[in-house]
Amino acid sequence: MPTAVLQTPPAPAAAEPVLVVDRLRAYYRTHAFGLDRDIRAVDDISLTVAPGEVYGIAGESSSGKTTLIKTIVGAIRPPLAVVGGSVRFRFGGEIRDIYALTPAELQTIRWRHLSCILQGSMNVLNPVRQIRHSFQDFAFPHMGLKPAAFWQAVRAHLARLDLDPAVLDSYPHQLSGGMRQRTTIALATVCTPEFIVADEPTTALDVIVQRDVLTMLRDIQRRLGSSFLFVTHDMSVHATVSDRVGIVYAGRLVEEAETPTLFRGALHPYTQHLVASLPRIGDTTRRASLPGRPPSLADPPSGCRFHPRCPLAMDVCREKVPALVEAAPRHRVACFAVSGAPS
Amino acid sequence: MFTIVRDLIRYNIEFAVGLFILLLLIAAVVLSFFSPYPAADIYVVPPDLPPDAEFWLGTTSRGQDTFWQLMIGLRNTLGFGVGVAFLSRILSLVVGLTAGYAGGRTDRVLMAINDSVMVIPQFPILVLFYFVLKDDMNWLMLVLILSALGWAYDARLIRSIAMSLRTRPFTTQSVYSGMSMRKILVEEHLPYVMPVVFATTMNNMIWSIGMEITLSVLGFTDVDTPTMGQMIYWANSHSALISGIWWWVAAPVGAIVILFIGLFLLSMSMNEYIDPRSRLNRMGV
Amino acid sequence: MTAYLIFISRRFGQLLLVVFLGISATFFITHMTPVDPVAESITAITNFGKADPEAILLMRKTLTELYGLQGNLFEQYLQFWSRLARGDLGPSLSAFPTPVSQIILRALPWTVGLMISATLISFLLGNTLGALAGYYRNSRLLKLAGLALIGLQPIPYYILAFILLILFGYVWPVLPITGGYEMNADTSFSLTLVLDILRHSILPAMALVMVGAGSWLTGMRALTSNIVTEDYVTFAELGGVGSTRILRSYVVRNALVPQLTGLAMSLGAIFNGTVITEIVFGYPGIGSLLISAVHAGDYSLVLGLASLSIVGVAIAVFLIDILSPLLDPRMKAE
Ligand SMILES: Nc1ncnc2c1ncn2[C@@H]1O[C@H](COP(=O)(O)OP(=O)(O)OP(=O)(O)O)[C@@H](O)[C@H]1O
Ligand code: SF4
Ligand SMILES: [Mg+2]
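Residue numbers (this note's numbering), protein chains in the order written: chain P, 206 to 548; chain R, 249 to 533; chain H, 20 to 353.
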């Protein structure tokens, strides 16, 4: 298996997208003592990811990044409910609509084609069993190898990622945070999936370990040629990792562009704020912080959800929702100040 | 308080049913004071009559009206449960709050004792008590003994709450303002643990009444205070089932089952009210 | 490993404390009473009609010794312990002079057998159903089964056993309702005897399982519905791990430790239940022995049974307790 990996050719940029998310809406629906409440954590998001592309998602805490990820990988448990839209992957030339698949079909895609690294990875490994069992449960059914060959492949994979194969015989609590995260990444990549989703894979780690893990992820991505959906609130990480970045604000995608474009020429006021607040070497001026608080997703502001905090807000912003439109080639933005107010 | 009860009745069917049963029981207790016959008198009505319009639940072989016996038995049984619950709640509050607040060595010692009381099998001890006390084993004595045995589970629960209260800012504030430990526990912490105390009261009553019934049926309690268990005891000693006086047995057994299910439903719904996680579960579905 | 040894020694300390407190309680209960136990006992036994003066004299001597009426309270207390440590519980008064320990030993296998099998069945049944009900939350069938078992759970052991006795003794008499085996059975070992003993154990075991399973079910169901929201379960689901495997190796495996702790903590109550159920069905174990000892006024037997119950349950709790770290590697490390 590992030798096959090295032969995977890099995908041409213009190929069919591997992921198409279309007008996706997902709410946390609760009804308590006769009171109904919807938290609109993902509200009308559309995006595509090309083969071999690293698509980054950024946004402040509680903006719905994790919910978007959960919805895309089909980890939907009440109170979360998909209210509209679709998620379609293209694996081996075949279109797979995540919400149209039976659980059994979904199971055949997982790990073989689509794997993930979840937020809070500290607790994703079963605390009462040795790590070898996780590899056995997750990867063995998908690799079609005899046990001996399987374990050899696993060990080889660990070695390539500079992990001591002894981790297989450890329990999660015996590993440091960084080790645990690297083990989880090894687990998520051992089957060489075409699409890997990573939600804040470095957030809980200290800076040095963060760099290790990021390097590791980038190496894997180069070697496997997989597509990545990479979530982090940390813009500087996007600057080094992502090919393209989408900015999420209060459950909506407000801007999307290739990374250099986004950092040099952001159009949306919120993105401009995010980019401007990045620390720069030699810069000692204090940055202005965004006024106001993040909006409530249970009762979001009308019109453009950013308007209570937006320095450019106009009357129309309070009433109409700006659509995400192409302001330049491969650069989409949802802001009336950019696209002009509708007549 | 009132709105809590109203919401519980409206959205929690267990609570509504449990409350209904509790009201029935209270009605029975009130009714028992209007019994036309003194509880202990025998041969006041013709014996062995099956249920009919005059004797709703028939009469016993001892010439007593089963219905009135049942009402009086329910009163005594419930009174017993309430008595034990009250005393043992005091014990578990004292131990739980002290251990949780004081922490350290005090906590370790108290909990070691607590855990011991929890696992010591009570039934043989109760029988031993009866064995040495014989006729001195009266209603009050049994209340005291069961209270002494039945506080440990709940003390542990209260302790865990007290431990979390200890770290709250208002506790520190009270300490700095010079309040005594007793005052802090009673005035500041007690209100927080009261809901749990209420919920455990039901469980404690289930346990103590169960024990009382068992001991009475075996004839190991005071025969002068008629309870539910004692009704079964007398029915058994007159071989009521063999001679076909089934109502004599069915009435107390049925009442006991209803009583226990009622108490259990109340405790379940209160626990749910207290534990936000299970409440969220209910809301989320 | 050393952490585990420390854990075991701490649990052992707790075991000693339980035994110490329990046995001291029995001692003081019997010594603080205003009643003269010796006279009481002698009367009770002579009422039985065995008024052999020599035996009575011997009894008085044994009784005085048993009650430790020589010396002050502290000396009596020490003597009590030393006798207990030797396993010498004195002669039975109703079956004089058979040693109490011998009588208890005869009854013990019945109780232990009944208790272990009923506890095992209800633990497995309740936990299995509870895990399923917590994992497949929409199953009607599981909800119904849960409701039935939970409804039985609050009913006192005595009453439930009694209801079964009525149902299977009078309404639908298909099962033996009393004794451990047929009265005039050939007690040499044979298949018929084994089957007969099994048949007699059905109702007592059923009563215990019916009361016990509900609480395991509720506990396990609550644990399961919490554990399924844990990251490691979500991750396994996203990893395409089969649901049976997730339920078994991820959910139940993690819920087992708290459930085992629960088992240890409720062992005293389960023992009570077993003893009480035995009494209803006249099952020849500790419970029935205890009742007949009370009726016969056999002081030494009652005292012996109470002490032994405390020690036995404490040891069982200890054994279950030290099992938990083997299931949870984190506990061993602490
Ligand atoms: N299980 C849940 N039930 C109800 N609301 C939820 C649940 N999980 C998340 N939310 C809400 O949904 C919104 C989006 O949360 P989400 O976790 O997707 O944010 P996020 O962008 O990933 O934030 P972070 O950067 O902190 O990880 C938040 O307002 C959160 O409170
Ligand atoms: S649409 Fe209006 S409020 Fe929203 S970001 Fe643009 S200018 Fe600001
Ligand atoms: Mg998140």
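None of these hints come from the bench; they were simulated from the model. A couple of the hints might just be wrong.
Capping the alpha-carbon separation at 20 angstroms, the derived lysine to any residue pairs in SDA-like fashion look like this [unchecked claim]:
#, chain 1, residue 1, chain 2, residue 2
1, R, Lys382, R, Ile393
2, R, Lys431, R, Glu520
3, H, Lys162, R, Val265
4, R, Lys382, H, Ser113
5, R, Lys431, R, Met442
6, R, Lys382, R, Ile361
7, R, Lys382, H, Ile310
8, R, Lys382, H, Ser311
9, H, Lys162, H, Leu266
10, H, Lys162, H, Ile185
11, H, Lys162, H, Ile135
12, H, Lys162, R, Glu262
13, R, Lys382, R, Asp472
14, R, Lys382, H, Ala44
15, H, Lys80, H, Leu92
16, R, Lys382, H, Val57
17, H, Lys162, R, Glu520
18, R, Lys431, R, Val342
19, H, Lys162, H, Gly188
20, P, Lys525, P, Pro506
21, R, Lys431, R, Leu339
22, P, Lys351, P, Gln324
23, P, Lys525, P, Ile281
24, H, Lys162, H, Thr147
25, H, Lys80, H, Ala44
26, R, Lys382, H, Thr147
27, R, Lys382, H, Phe47
28, R, Lys431, R, Arg416
29, P, Lys525, P, Val543
30, P, Lys525, P, Pro513
Source: prediction; values computed, not measured.
So, going through the hints one by one against the coordinates:
| no. | hint | verdict |
| --- | --- | --- |
| 1 | Lys382(R) x Ile393(R) | holds, 14 angstroms |
| 2 | Lys431(R) x Glu520(R) | violated, 30 angstroms |
| 3 | Lys162(H) x Val265(R) | holds, 18 angstroms |
| 4 | Lys382(R) x Ser113(H) | holds, 18 angstroms |
| 5 | Lys431(R) x Met442(R) | holds, 16 angstroms |
| 6 | Lys382(R) x Ile361(R) | violated, 28 angstroms |
| 7 | Lys382(R) x Ile310(H) | holds, 14 angstroms |
| 8 | Lys382(R) x Ser311(H) | holds, 15 angstroms |
| 9 | Lys162(H) x Leu266(H) | holds, 18 angstroms |
| 10 | Lys162(H) x Ile185(H) | violated, 28 angstroms |
| 11 | Lys162(H) x Ile135(H) | violated, 28 angstroms |
| 12 | Lys162(H) x Glu262(R) | holds, 15 angstroms |
| 13 | Lys382(R) x Asp472(R) | holds, 13 angstroms |
| 14 | Lys382(R) x Ala44(H) | holds, 18 angstroms |
| 15 | Lys80(H) x Leu92(H) | holds, 18 angstroms |
| 16 | Lys382(R) x Val57(H) | holds, 14 angstroms |
| 17 | Lys162(H) x Glu520(R) | holds, 17 angstroms |
| 18 | Lys431(R) x Val342(R) | holds, 13 angstroms |
| 19 | Lys162(H) x Gly188(H) | violated, 31 angstroms |
| 20 | Lys525(P) x Pro506(P) | holds, 11 angstroms |
| 21 | Lys431(R) x Leu339(R) | holds, 17 angstroms |
| 22 | Lys351(P) x Gln324(P) | violated, 32 angstroms |
| 23 | Lys525(P) x Ile281(P) | violated, 30 angstroms |
| 24 | Lys162(H) x Thr147(H) | holds, 13 angstroms |
| 25 | Lys80(H) x Ala44(H) | violated, 24 angstroms |
| 26 | Lys382(R) x Thr147(H) | violated, 45 angstroms |
| 27 | Lys382(R) x Phe47(H) | holds, 16 angstroms |
| 28 | Lys431(R) x Arg416(R) | holds, 16 angstroms |
| 29 | Lys525(P) x Val543(P) | holds, 14 angstroms |
| 30 | Lys525(P) x Pro513(P) | holds, 14 angstroms |
Against the hints set out earlier in the document, violations occur for numbers 2, 6, 10, 11, 19, 22, 23, 25, 26.
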